[in-house]
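Q: Following the hints, position chain B with the ligands against chain A.
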Amino acid sequence: MSKLHPLVELTRARLLEFLREPEAVFWVFVFPVLLAVALGIAFRSQSPRVVPVGVAGTTGRAGEVVGLLDGDNTLGVRQLAAHDGETELASGTLDVLVLVPDDPGQTLTYRFDPMRPESRVARDLVDDALQRKRGRQDVVAVRDEHVAAVGSRYIDFLIPGLVGLNLMGSGMWGLGFAVVQARVRKLLKRFAATPMRRSHFLLSFMLSRLGLLAGEVGAVLGAGWALFGVTVRGGILDLAVVSLLGAFTFAGLGLLVAARSRTIEGVSGWMNLVQLPMWLLSGSFFSYARFPEAVQPAIRLLPLTALNDALRAIANRGASLTETWPELAVLAVWGGVSFVLALRLFRWQ
Amino acid sequence: MVAAWCRGLVKRYEDVVAVAGIDLEVRRGECFGLLGPNGAGKTTTVEMLEGLTTPDGGEIEVLGERWHKTRNDRLRQRLGVQLQETQLPEKLTVEEVVRLFASFYRRSRPTDEVIAMVELGEKRRARVGKLSGGQRQRLALACALVSDPEILFLDEPTTGLDPQARLKVWELVESFRARGGTVLLTTHYMEEAARLCDRVAVMDYGRIIALGSTAELVAALHAEQIVELELDHALEAPALASLPGVSGAVGRDGGLQLSVHDIGQALPAMLSALAARGVGLRRLTTHQATLEDVFVHLTGRALRDE
Ligand SMILES: Nc1ncnc2c1ncn2[C@@H]1O[C@H](COP(=O)(O)OP(=O)(O)OP(=O)(O)O)[C@@H](O)[C@H]1O
Ligand SMILES: [Mg+2]
Chain A
1 MSKLHPLVEL TRARLLEFLR EPEAVFWVFV FPVLLAVALG IAFRSQSPRV
51 VPVGVAGTTG RAGEVVGLLD GDNTLGVRQL AAHDGETELA SGTLDVLVLV
101 PDDPGQTLTY RFDPMRPESR VARDLVDDAL QRKRGRQDVV AVRDEHVAAV
151 GSRYIDFLIP GLVGLNLMGS GMWGLGFAVV QARVRKLLKR FAATPMRRSH
201 FLLSFMLSRL GLLAGEVGAV LGAGWALFGV TVRGGILDLA VVSLLGAFTF
251 AGLGLLVAAR SRTIEGVSGW MNLVQLPMWL LSGSFFSYAR FPEAVQPAIR
301 LLPLTALNDA LRAIANRGAS LTETWPELAV LAVWGGVSFV LALRLFRWQ
Chain B
350 MVAAWCRGLV KRYEDVVAVA GIDLEVRRGE CFGLLGPNGA GKTTTVEMLE
400 GLTTPDGGEI EVLGERWHKT RNDRLRQRLG VQLQETQLPE KLTVEEVVRL
450 FASFYRRSRP TDEVIAMVEL GEKRRARVGK LSGGQRQRLA LACALVSDPE
500 ILFLDEPTTG LDPQARLKVW ELVESFRARG GTVLLTTHYM EEAARLCDRV
550 AVMDYGRIIA LGSTAELVAA LHAEQIVELE LDHALEAPAL ASLPGVSGAV
600 GRDGGLQLSV HDIGQALPAM LSALAARGVG LRRLTTHQAT LEDVFVHLTG
650 RALRDE
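Those protein sequences? They're chains A and B, same order as listed.
Using this note's numbering, you'd call the opening residue of the first sequence number 1 and step up by one each time.
Using this note's numbering, you'd call the opening residue of the second sequence number 350 and step up by one each time.
Chain A extracted, bound-state conformation:
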């Protein structure tokens, strides 16, 4: 075989080393898919729940009330003895219990716990149904419009976040460990004794990420599409560009964090320190809009936030690449500065 450019050989060697490490392959390709599946199932949107309603009373009037409510298919109405009703109410099997007095002159009683939101809803649904059946008229004309759009479910929000998280994790852990291991084994020193360009060595790590990118992003997106029907509204190519930039950014950060560490333990600590804030703040699992207004500009400057926002803009809203330029700029600055710093600080022995 003819001789190839050292950058090509270094990248190839890096990729082969990665692919021959079954554990690494698991964490990068399989684990994120399992995570997506687990979270997708846990937070799947359910069809509206039938509201469990109990009706208690000793006379025929109780049966009458059941008859009135039965027509409403959002309500699951059962007639039962008063004290069974109390028990079920207490255990949460019933949302509301309607007590029907023997004396027709006395009022109906709704028994429910106002601290339980579903019980308050149930009380209003029951009351609304009874009053209408008895002839109450609406005074304002209204119309309901139901939205259950694909693209606005939790799983739609989650999948781009997992892509971002995976790009961060595999970029930083993958490169950080490989670099420090090569340093511990004096391989870096051996390379330093050759005319190999040092920038080529670091660049090969970033390029190796490019080789894995398609598989890494594809695995999560593919699982989201196949299992939950999550789709990318914007351009796939745009998404690829954002992923690529994100991968480069975190490769740069990974190299920077690993630039000087002499032990695996040391680099692990730094990796955790850098990644933990982004795990929490960058909105991979839930929107960072929940954090105080004052800190949000800072959160938006984190590379993972920028990556997640750009991925979501394209995947969920169908934004174009140009619309995401502020996020891309944040990523480019992090990546570029990290790479240059890593090259300067890098310890070869």
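I should point out that these hints are in silico values taken from the structure, not numbers from a laboratory.
Values in this document were obtained by computation on a predicted structure and should not be read as measured data.
Possibly wrong hints are sitting among the right ones.
To be verified - When the alpha-carbon atoms are kept at most 20 Å apart in a straight line, the in silico EDC-like pairs for lysine to aspartate or glutamate are as follows:
no.: 1; chain 1: B; residue 1: Lys440; chain 2: A; residue 2: Glu17
no.: 2; chain 1: A; residue 1: Lys3; chain 2: B; residue 2: Glu573
no.: 3; chain 1: B; residue 1: Lys440; chain 2: A; residue 2: Glu21
no.: 4; chain 1: A; residue 1: Lys186; chain 2: B; residue 2: Glu439
Claimed, not checked - Interface residues of chain A toward chain B, partial, derived using beta-carbon atoms under 10 Å:
no.: 5; residue: Lys3
no.: 6; residue: Glu9
no.: 7; residue: Ala13
no.: 8; residue: Glu17
no.: 9; residue: Phe18
no.: 10; residue: Pro114
no.: 11; residue: Arg116
no.: 12; residue: Ala182
no.: 13; residue: Ala193
no.: 14; residue: Pro195
no.: 15; residue: Arg197
no.: 16; residue: Asn272
A virtual CB, placed ideally from N, CA and C, is assigned to each residue, including glycine.
A: What follows is chain B with the ligands alone, placed relative to chain A:
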């Protein structure tokens, strides 16, 4: 012609002076050995010559060039290096590792040729992690030879290898020299130095305590024989050093070691000297003087901790 030299070379670490001002000259085409015990400063010296460690003082020139802070590529193209404790990537195959190293050099030998040279042809598709110690060492040599270097630096190329594996490495070094290459190697093994090296520098505590060809160093002992004595009472070395036929004596491991140039004179004199002091002789052995004895006589210690 000089392939590499250094003058007044110094390297200090926090708690130790690893190299305490040494002068060396490696001639073109020769095999030069640095012999010394653990911690003598061999690795530190070699790595300074290789441009991997920055000296705290002194001058270095390798193949007519000096090391700069950056831009050493041109010089590195001409060197072959094997470090004391490099672990090559375990997941890559022999072939992949050699190709990788070859790609760093503008002018390199064909991968197949180098692999055949170190006799790893059958293992070319085996992962580095699955190689034996001797095979790994030969792979490290292949990586050093792939650039077709003018000078080869080998740091303890045979430490930890069995005699057969050691012999293979020696043959590789010899064939490199036969093609006109220059070698600088470090070793603990005096038989290695004696077989491979034209000249040897004996190092101890960061200094060179003897320099010359193996024959010269041994001759400087003025000893045809080395006599080792095990005694039932401790005896100071000077008591026997001035006997007729004896050129020197050092204490070693509780016994004494004499360098003897006339065994016919020395033996009776020594026996009567012992009898006069009432010291009993437990054991007496003699052998031809070697580099090992040179080291013992210079330092009173063995080269290796046995
Ligand atoms: N990076 C370092 N930091 C601190 N001390 C060091 C360092 N490298 C070497 N030393 C010290 O310098 C001295 C010389 O070490 P060196 O590795 O050169 O010895 P050596 O002759 O190669 O020994 P060996 O035969 O065990 O390989 C030793 O005392 C060692 O502890
Ligand atoms: Mg050493």
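Q: If you check each hint against the structure, which ones fail?
A: Structure breaks hints 2, 10, 11, 16.
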